[in-house]
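S.K.: Which chain is which? The protein sequence lines are A and B, in order.
Each residue of the first sequence is one higher than the one before, starting from 1 at the first, in this note's numbering.
Each residue of the second sequence is one higher than the one before, starting from 1 at the first, in this note's numbering.
Relax, there's no trap hidden among the hints.
Label-pair restraints from in silico Cβ distances:
(1) THR96/A / ASN189/B: 32 to 40 angstroms
(2) ALA99/A / THR62/B: 38 to 46 angstroms
(3) PRO95/A / PRO126/B: 28 to 36 angstroms
FYI, nobody ran anything at the bench for these hints, they're computed from the structure.
Every residue gets a Cβ at the ideal spot worked out from N, C-alpha and C, and that includes glycine.
2 protein chains.
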Amino acid sequence: MRVVVPFDATTPKTRLEDTLEPQERAAFAEAMLADVLAALEETGADPEVLSTGPVNTELPVTIDERPLTQAVNAQLAEASPPMAVVMADLALGTPTAFARLLDASGDVVLVPGRGGGTNAFVSRHPDFRVDYHGVSIRDHRETAAAIGASVSEIDSARLSTDIDKRADLPEVLLRGQGRARDWLAERFNITVTDGRVGVERRSMQSDPSE
Amino acid sequence: MRVVVPFDATTPKTRLEDTLEPQERAAFAEAMLADVLAALEETGADPEVLSTGPVNTELPVTIDERPLTQAVNAQLAEASPPMAVVMADLALGTPTAFARLLDASGDVVLVPGRGGGTNAFVSRHPDFRVDYHGVSIRDHRETAAAIGASVSEIDSARLSTDIDKRADLPEVLLRGQGRARDWLAERFNITVTDGRVGVERRSMQSDPSE
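Only chain A is shown next, with the shape it has when bound in the complex (with noise of 0.2 angstroms):
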């Protein structure tokens, strides 16, 4: 099965510009693709890259500069199904979590991402196109519906955790366990304020205290 992992190569993770800046964000976001890809690697797949630029990899890349949508949905287009297409911020992601997707029966496979996103899919029905706008697992849900495909989702904290603002990086610290957890944690510490958990930047002195 294609496994197509899209990457924005040219202006990654912008919703973490709060947090990061912006060579931290490309560098993030290259250590999450990173992991996305080893870990689809471990579970017998050959992923490749969909992008909007180049990236460092030795895997397949085809850039696309368009946006999200039409490029996958002309990824979609263009090659005879099944076909899995896996988002590149899932920095939780594992080989078992992988495997659970690639493995799951159902013409069209959903992974809900939290806030209404779809985090990853496998569609084996050649009529399935995306809409990655607004509230997009309801939108794919019925749009598998339409026409007539079989609809099954997976239950995953892991995959359905997509790393794109201040609020997730806790997760990458308290459940990651590749790049992107090694190259935030260098860089952050995990707080807690009123018992609700968050993040803060690394003294640049050595903390004789740590």
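We have chain A; now place chain B onto it with these hints.
M.R.: Chain B alone, transformed into the frame defined by chain A:
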């Protein structure tokens, strides 16, 4: 196995005070509790409630006015393992998801909550105790290791999504199936603003466009 569901009958869901009136918070909390209990019963379990005060259920209720950590530890101390403890606000929980928890192997089986919490666990070790303050999932992993208990974790978005703040409510509308979802859907709509999903209260007037 004893399956205990702690419930705050006194001041439930205070973090939803920006969205729901006190009576609404009580009603919504009771709807979530009823959903959790029903889903647990469908797995074949006999859940019981550990409440800070009277609660409307036909299932067994133990009243313990102490804070959550002390009340749960009292239950762990007084009964022989195994015991499961499941939070009452897991409104996305299904029988399938709860069965994954109850059937998993491990001396201690943990369900991390988004934000560092511990949404549910099974303990088969007589010395396991809880501390729900701070980043409890991290503490519970360390506690289990310290007593020599084997640890496993359940990867379920349904069980990792506890519902306690406004940003959690779209998840109930998009993925919930029970009383809590119906209660919320009668009062709130999904909104999309700048690509981000939220909720807004339905108009009290009938809306001819609907």
